[in-house]
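Full structure from sequences and hints, please.
Chains A and B, in that order, are what the protein sequence lines are.
Under numbering that gives the first Met the number 0, residue 376 is the last one in the first sequence; the count climbs by one each step, no gaps.
Under numbering that gives the first Met the number 0, residue 284 is the last one in the second sequence; the count climbs by one each step, no gaps.
The hints are simulated quantities; they were obtained by calculation from the structure and are not laboratory data.
C-beta: ideal position from N, C-alpha, C; glycine also.
Any given hint might turn out to be false.
Covered by chain A, according to a simulated footprint, are these stretches of chain B (three or more residues, beta-carbon under 8 angstroms) [unchecked claim]:
| hint | region |
| --- | --- |
| 1 | 73–81 |
| 2 | 86–92 |
| 3 | 134–148 |
| 4 | 189–202 |
| 5 | 267–279 |
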Amino acid sequence: MADRKKKFLQGNEACVEGALYAGCMFFAGYPITPSTEVAEGLSVRLPKIGGKFIQMEDEIAGIAAALGGSLAGLKSMTATSGPGFSLKQECLGYACLAEIPLVIVNVMRGGPSTGYPTGPSQSDIMQAKWGTHGDHPAISVTPSYVQEILSETVRAFNLAERFRTPVVVLYDEILGHMREPITIPAPGDLEVIDRMRPECKSEDYLPYDEKYEVAPLAPFGAGYRFHVTGLNHKQDGFPTNDSKQIGANNLRIMSKIENHKEEIWKNDELLLDDAEVAVFTIGSTARSARFAVLEARKAGIKAGLLRPLTIWPFPEKAVRELAKRVKAIIVPELNLGQMILEVERVSGAACEVVGINRVDGEPITPMQILDVIKKYK
Amino acid sequence: MSVPAEKKEKVSVPFDYNKYLRPNKLPHIWCPGCGHGIVLKAMLRAIDKTGFDKNDICVISGIGCSSRTPGYVDFNTLHTLHGRALSFATGVKFANPKLKVIVVTGDGDALAIGGNHFIHTCRRNIDLTVLVFTNATYGMTGGQYSPTTPMGSQATTSRYGSIEPPFDACEMAKASGASFVARGTAYHTLELEKTIHEAIMHKGTSVVDIIDACPTYYGRANKFKSATHMMEVIEKENTVNVKQADKLPPEKLEGKFLRGVLHKIEKPEYCEQYESIVMEKAKAK
Ligand SMILES: Cc1ncc(C[n+]2csc(CCOP(=O)(O)OP(=O)(O)O)c2C)c(N)n1
Ligand code: SF4
Ligand SMILES: [Mg+2]
Numbered sequence: 000m001a002d003r004k005k006k007f008l009q010g011n012e013a014c015v016e017g018a019l020y021a022g023c024m025f026f027a028g029y030p031i032t033p034s035t036e037v038a039e040g041l042s043v044r045l046p047k048i049g050g051k052f053i054q055m056e057d058e059i060a061g062i063a064a065a066l067g068g069s070l071a072g073l074k075s076m077t078a079t080s081g082p083g084f085s086l087k088q089e090c091l092g093y094a095c096l097a098e099i100p101l102v103i104v105n106v107m108r109g110g111p112s113t114g115y116p117t118g119p120s121q122s123d124i125m126q127a128k129w130g131t132h133g134d135h136p137a138i139s140v141t142p143s144y145v146q147e148i149l150s151e152t153v154r155a156f157n158l159a160e161r162f163r164t165p166v167v168v169l170y171d172e173i174l175g176h177m178r179e180p181i182t183i184p185a186p187g188d189l190e191v192i193d194r195m196r197p198e199c200k201s202e203d204y205l206p207y208d209e210k211y212e213v214a215p216l217a218p219f220g221a222g223y224r225f226h227v228t229g230l231n232h233k234q235d236g237f238p239t240n241d242s243k244q245i246g247a248n249n250l251r252i253m254s255k256i257e258n259h260k261e262e263i264w265k266n267d268e269l270l271l272d273d274a275e276v277a278v279f280t281i282g283s284t285a286r287s288a289r290f291a292v293l294e295a296r297k298a299g300i301k302a303g304l305l306r307p308l309t310i311w312p313f314p315e316k317a318v319r320e321l322a323k324r325v326k327a328i329i330v331p332e333l334n335l336g337q338m339i340l341e342v343e344r345v346s347g348a349a350c351e352v353v354g355i356n357r358v359d360g361e362p363i364t365p366m367q368i369l370d371v372i373k374k375y376k
Numbered sequence: 000m001s002v003p004a005e006k007k008e009k010v011s012v013p014f015d016y017n018k019y020l021r022p023n024k025l026p027h028i029w030c031p032g033c034g035h036g037i038v039l040k041a042m043l044r045a046i047d048k049t050g051f052d053k054n055d056i057c058v059i060s061g062i063g064c065s066s067r068t069p070g071y072v073d074f075n076t077l078h079t080l081h082g083r084a085l086s087f088a089t090g091v092k093f094a095n096p097k098l099k100v101i102v103v104t105g106d107g108d109a110l111a112i113g114g115n116h117f118i119h120t121c122r123r124n125i126d127l128t129v130l131v132f133t134n135a136t137y138g139m140t141g142g143q144y145s146p147t148t149p150m151g152s153q154a155t156t157s158r159y160g161s162i163e164p165p166f167d168a169c170e171m172a173k174a175s176g177a178s179f180v181a182r183g184t185a186y187h188t189l190e191l192e193k194t195i196h197e198a199i200m201h202k203g204t205s206v207v208d209i210i211d212a213c214p215t216y217y218g219r220a221n222k223f224k225s226a227t228h229m230m231e232v233i234e235k236e237n238t239v240n241v242k243q244a245d246k247l248p249p250e251k252l253e254g255k256f257l258r259g260v261l262h263k264i265e266k267p268e269y270c271e272q273y274e275s276i277v278m279e280k281a282k283a284k
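Structure follows, in structure tokens:
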């Protein structure tokens, strides 16, 4: 019988369980509220299983060391919040271009600047997509429940390893510090993916082999002596000024994600089949939305909820189809309107799109959402 | 460029640099007369002396002219971001302590944008060899003043003479906790080779501050006649080997940089501490 422990955990502790389940063996980071418990948890657990934990001197060093750990062959992670996420952006772009698997947890707090460290927020949604300079691929997962923080952290590692790219786990302070009973999955319950390793002879190895959409990645020290750079490079990893190669590689790092959106997207739908008004939201706000939708149904309003667990790449297909079927899509978010820009872009003029926004450090309540739903009775 | 040897030492067998170079990645980007190539050659001879397998060596750099070194050498090589070489290197070494990690970094890379990482790397005493190419300028971006530019010097951002006091990378490394600190120059190339070898063989953070010249920017801006003239003035006349320093009167040492091994102590190394203390206690709990 598989052993599945029940635990009463905080979101950040569930993130630790998820990382370990996925095979994370390296963590480097810098403490910051409200993500610190992720680092604290891994500092206790990793050395027990031969893994490496290091507290660096700042967030830049945290992500840079984690990228070094990943290149040395270990599944690696860093965790942070708002100000620290800003500091990590240059290295995040490095991971995109150099194609290094990495998981970055960002427990969102109120901003801008030091803002409201202990208050929830969802204001880094756009930063997770556009924070680093240059055009680049982005994958972000957005859990809403403590159990889901565990499983989405596992999925983040899988996506990072599968696509050789950084993946951001994005949740807000409420989820990071909320406690819920969860089940720790037994080995085999959840899929765990490891990066492809080369099997060719060392002299034939190309770290960005164009034969593949995502080339196998050798760990440093395994006999494949290759070069990694943040400069535009050829398939052998060395820098190039050839515009054809630069263009082709920049397109490839995008298309390796674009071409597999169906595989990366994950949506949770509630009562959408006959819905006339839909709510689209993530994280803790989706919990308020769920309550509001169920209340609306009790009042005879055909409301539903679309809750994306992958916010980047944006769930275009699901939103486009939904927009054709409903009168309105309501987009509650703990910021001044970030996701709504994408919903508007994708839905065109097919339906009305209405935002509910809050930046006072308090959550959006079910009643706030219900009041807007009621307008579409 | 011909390097005037301080003392004519006979090298009986010509050293086969191609053993460690990636010949198809040459020519390099460096200007004629740049000191960085001389340092690269000393590094390769030092690595050869260690006898380490190429597969076990990892060369990591930041951004700058000096930081282009990894692209030319046939090891596991990583060209990172400006200032971050030591952080990436800490990750690689900590994840796989069997790797011999050598960091190649510029004075700007290591001491300005990467200054905080420099301090904390030394403090941890993690087993890395750090070669700082100190040319008193930001070569790659066209000759702005750096943290080692002498006061009064010309640079494209100090047209009225630099008013900032320079750093001494060795003092900084020692004060921060590095267990091996040395200085060399591109001019004293055989001495440099020995120093780098000793640095690689030392367990712990080993910093070698290497004075070399940027004739293109620092040289021209400060009216040096040639690259060799710069080497003679900045590297030869302005430095004294630490072993000879004792015999010289203080006035002869004023304003001069000491060469050779300046500080070498036995001290617990980070990765070993982690394994013997953290992992052991964690497993027992
Ligand atoms: C974040 C960031 N800031 C600035 C730069 C521009 N930049 C590139 S190299 C360099 C200075 C390099 O100087 P140094 O490290 O001394 O190396 P050198 O070229 O002199 O060998 C600067 C400022 C950059 N690449 N990245
Ligand atoms: S600019 Fe200066 S440091 Fe850069 S390659 Fe030329 S001489 Fe060397
Ligand atoms: Mg320099």
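Hints and how they fare:
Evaluation of the coverage hint for the region 73–81 of chain B: fulfilled, as 8 residues show C-beta separations to chain A shorter than 8 angstroms, against a requirement of three. Remark: the region 86–92 of chain B is confirmed as covered by chain A, as 7 of its residues place a Cβ nearer than 8 angstroms to a Cβ of that chain, reaching the required three. Counting residues of the region 134–148 of chain B whose CB falls under 8 angstroms from any CB of chain A gives 0; the rule of at least 3 is not met. Chain A is given as covering the region 189–202 of chain B, and this is violated because 0 residues of the stretch bring a CB closer than 8 angstroms to a CB of that chain, at least three being needed.
Counting residues of the region 267–279 of chain B whose beta-carbon sits less than 8 angstroms from any beta-carbon of chain A gives 3, enough to reach three: the coverage restraint holds.
When held up to the earlier numbered hints, the structure conflicts with 3, 4 and fits the remainder.
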